[in-house]
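Undergrad: Listed below are the residues making up each chain.
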Amino acid sequence: MQKRLFTLFLLLALLVPALAACGGEAAPTAPPQTGGGGQAQPTQGGATEEKLKIGLVTDVGRLNDKSFNESSWNGVLRARDELGAQVDAIETQDPNDYAKNIDEFATQGYDIIVTVGFALGEATIEAAKKYPDIKFIGVDQFQEEEIPNLAGLIFEEDKAGYLAGALAAYMTKTGKIGAVLGTDVVPPVWRFGEGYRVGALATKPDVEISLVYHSDVGLDKAFTDPEWGKLQANSMMDKDVDVIFGAGGITGNGALLAVAERKDTGVMAIGVDTDQYYTVTEAQSVLLSSAIKRLDEGVFDLIKAVQDGTFKGGNFVGKVGLAPFHEFEDDVPEDVKQKLTELEQKLLSGEVKTNVSPVKP
Amino acid sequence: MTRGRFLFILAVIVVLIGAAMYLSPSTLENETVAASMLATTLGVATPLTLGMLAGLFCERSGVVNIAIEGMMLTAAFVGYTVGAYTQSLILGLLAAMASGGMMALLHAWLSVTFKVDQIISGTVINILAFGLTGYFNDLLLRRRDVDIQSAGLTPTIESLADRPVIGFFFKPIDALSDVSVIGPIFNQKPIAWMAIILVFVTHYVLFYTTWGLRTRAVGEHPHAADTVGINVFKMRYANVVIGGLIAGLGGAYFTLESTPQFEPLLTSGRGFIALAALIFGGWTPFGGWAAALLFGAASAFQSNAQQFGVPISAHIIGMIPYLLTIIVVAGVVGRAFPPAAIGQPYQKE
Amino acid sequence: MTKRREIADGMKTRIAPLLASVQARLGPLAGMLRPILVPFLAVVSALMIGAIVIAISGRNPLLAYAGLIDGSWGSGRAIAGTLVRMTPYVFGGLAVALAFRAGLFNIGGEGQLLLGTLAGAWVGYQLALPAVIHLPLALLAGVLAGFIWGGIPGFLKSRTGAHEVITTIMLNYLAIGLAGWLLNDNRLMKDPSPTNVIARTPLIAESAHLPALIPGQDAYPSASAAPEIVHWGVVLAVLATIAASFFLWRTVWGFEVRTVGANPSAGRYAGINVPRVITLIMGVSGALAGLGGAIQVTAVNYRAILGFNVGYGFDAIAIALLGKNNPFGVLLAALLFASLRSGSTRMQSLSGVNADIIAVIQALILIFVAADQLVRWLYRIRARGLEERTTLTRGWGR
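Residue numbers (the working numbering), protein chains in the order written: chain A, 129 to 489; chain B, 14 to 362; chain C, 573 to 970.
Misleading hints may appear alongside valid ones.
In the DSS-like style, the derived pairs of lysine-lysine whose C-alpha atoms are separated by at most 27 angstroms in a straight line are [stated by the list, open to error]:
| hint | chain 1 | residue 1 | chain 2 | residue 2 |
| --- | --- | --- | --- | --- |
| 1 | B | 202 | A | 349 |
| 2 | A | 304 | A | 332 |
| 3 | A | 332 | A | 467 |
| 4 | A | 474 | A | 301 |
| 5 | B | 202 | A | 391 |
| 6 | A | 447 | A | 332 |
Simulated from the structure, these hints should not be mistaken for lab results.
Bound-form chain A, shown alone (with noise of 0.2 angstroms):
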């Protein structure tokens, strides 16, 4: 101990003045470029017939966020499962870090990299195009430009937002609904809140909306607030409103469990994301349905055409729509059943148009 403990210091003790000086006369720590080209690529061509390497890049979150990064995860665990990959993540702690991070997996000979939220979009590109040979997978990143090696997976949220107002505007016995949102600074939380506004509309010109987004605090606090989130729902349900839609992270999921705590009253939470009913198991007897997107799923599938050579570079449009009635099966009625259906094939056919404009004007 005494021994390791003196090397450490002492080795310490040489670096310190050393960085000093290297801060001092910047010029000759100045790195030599790192070769644009061959060098820093990953040296293995063939390595798909072995394992997958697959690493995913969070936004600035965690993993578990029982949201957007942990339904992106799933679906690379599942091609852990299903196709042998080899995975990793690795959590983005601030957004200057993206670059940095995705580029942890270039230089190691990572096959895919796939890359969550909308604002890692631009370092993606740059690394798409600095990184040839890797695949990237883009979670929630349209893409204007093709480039072969990156698929963007991106998902009409306003199609699932609208599914669920007209749910929540068929359902409603007080003709008031609500939704509680993460901040419309982030582009899908903005297309869900008001594709549910708009759908619930169409579905009911004289239901009330009360809409709220958490945007009055920093982007880093406005999906982890459930404490906001559940008083939200809690006012709304003072007035009367009996659907709530829960959507922003943790923050949506105070909501529900807001809603969940009022059963008695008869009202209802819609989920989003995923079918929250596995998720929040708290507000299963008030959950009505789940706005999803199948981040998972679109994740797999774009795994899955990397590694049958079947990958294609450009936008890849990912499922959304709505989860399962679960406990509330019975009291749908199955005309609205049926006119959900419907509605849900008119908007993918495009037949119904929900005309949301893709991002807050």
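With the hints as your guide, set chains B and C onto chain A.
TA: Then chains B and C, alone, in the frame of chain A:
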């Protein structure tokens, strides 16, 4: 806390509720809007009130506490983790309070014994709390996938009203919560009630007991207190730890009572707002409570304005409470004086 | 007990000659070494406790630290990443340290830096000027914005006694609200390109780019590439450190600031205009943070983006404390924190240790630095002569 400032706060709250009523759609009755505003106001104020009281004990004894946020976050995590593993609400609650107390003990040890600058000690505790809760959340909750089954863990007033002994206290509250207009105000859970009761208890303890007198003496004139035989170190240690226990209760409010799940950084800066409420309220329990309610009312107004579709940016309306705080702290409406010896480590002569 | 004493004695006998030889060799640096001995031992102790925590959680601490070092100093590119990360830390740390020197606690670095990015970006994309004017103007805009955002609490403190801790926290929230409003809710600053989905400003003009240190290399091929090249901001950071040090100890102004920090009533008797000093030093403190923000925009992001450069203002507090409010100490502390943060990616991918351990280590370092008696007692170092004990804050008092 001057009367002027009290009246100012009261006026602002009334104006905010009135404005919400004015902005509400005609289909909503004014009574409903007012009741809902009040309920949200109280809801937002609960963790702020507990945080404020935590800071109050600490600062009245002469120790600055900017670590309320860290203490609450630690307690929220520990309470949830212990609750989840043992499936016992009471053990979770005790663990939450104990962990708040432990963080406070560290604060006291650094700032009273080692005479570290108290604001630095607080900063250290905040950073430590962010790191520890994040790291161990990953280790203990995420990897194991445990969940609190909330059914038995978050009691409602109704369920408590049916229980022996404590039911006696909760029954009338339960009855009141069914009254139409003021119902939402009384429809609160145990820790939320405790926060309000603690405001009164703290006022009594601080101003009508020997303990309170000694606490204030230590915070105002430690040397004089010492000469009359009060152990300054002991009083400061005790009050800092009491503050920590209350902050622990505040942490438990988040994860054991309100929303049974833990997420890193889930306290979302409320500890700092609580600190602002404490100073805003002139280091008195009722003043601080009033300030917490003002924050609550401003926040309630902000969300109600959004619900009613008022076309003003949520970012802009969201600034109201912070602007108000600056105006009030700047002494525009009455002055407040901190305990005289606050921030100074005591050095026996 | 005896075992520990043995270790301690062993260390002492070895440290002393080591220090002597290093001192002899480094000559002018020797004076710098003694004051950093305690912080240095604090770092070592914190890393050891961190290793224990990692080991308890079933991971390999050596692997984690190897990743940490490799990720921050293992390659030219890693070093570049660390130095680039260090830059805002230095400016934030200097901002907090200067305020501390006057007995003021500036928690508002976060908001001041944010406004610096907004102002710098606005000048960067709105104006079309030759680079000689454009770049300095963009940086100056950041300085000015920071000066105002920092000066407000200074003014309020000196005129009304409103404590700067509260007002700076509130101004942080106001800055966040303002940024959200400008970047997302209206067209005042939001990038108007039809495909933009992010709350951000347009790209700044090339004439406002802060160039790479080595001429001929573009600092970054584009805004989102991984930082591989050191930009001039690093040099500016070092210059700012020297300037801050000169200011504090070689100017009348610095003397006034230190006097007010040590004892405001003495300052008053000495004829110093205390309110003016407080207002201006808070403004200067904010200006430094604002400059840090403007440099992030002109050298790294090339635009202001909502949610970027968050948290630097808070890290800056820890950095100032670790650097004992000495500008050169701040520089070293910023380098250390930048290394920890910048290496954490490699640490995560190599050892699977959660990056939150970095915050734990940072807090431990701070505990040991703040309670230096603890370190002295642990390593049996006697305090030599009169150790300067800086007054940092005076609680809520006036």
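Undergrad: Determine for every hint whether it applies to the structure shown.
TA: Now for the hints, and whether the structure bears them out:
1. Restraint check for residue 202/B and residue 349/A: the C-alpha separation of about 25 angstroms stays at or below 27 angstroms, so the hint holds.
2. With a C-alpha separation of about 11 angstroms, the suggested pair residue 304/A and residue 332/A falls inside the 27 angstroms cut-off, and the hint holds.
3. The suggested pairing of residue 332/A with residue 467/A holds, with an alpha-carbon distance near 13 angstroms, which does not exceed 27 angstroms.
4. Distance hint between residue 474/A and residue 301/A is fulfilled; the C-alpha atoms sit about 26 angstroms from each other, no more than 27 angstroms.
5. Using a Cα cut-off of 27 angstroms, the hinted pair residue 202/B and residue 391/A holds, with the two alpha carbons roughly 16 angstroms apart.
6. Taking the CA atoms of residue 447/A and residue 332/A, the gap is near 26 angstroms; set against the 27 angstroms cutoff, the hint holds.
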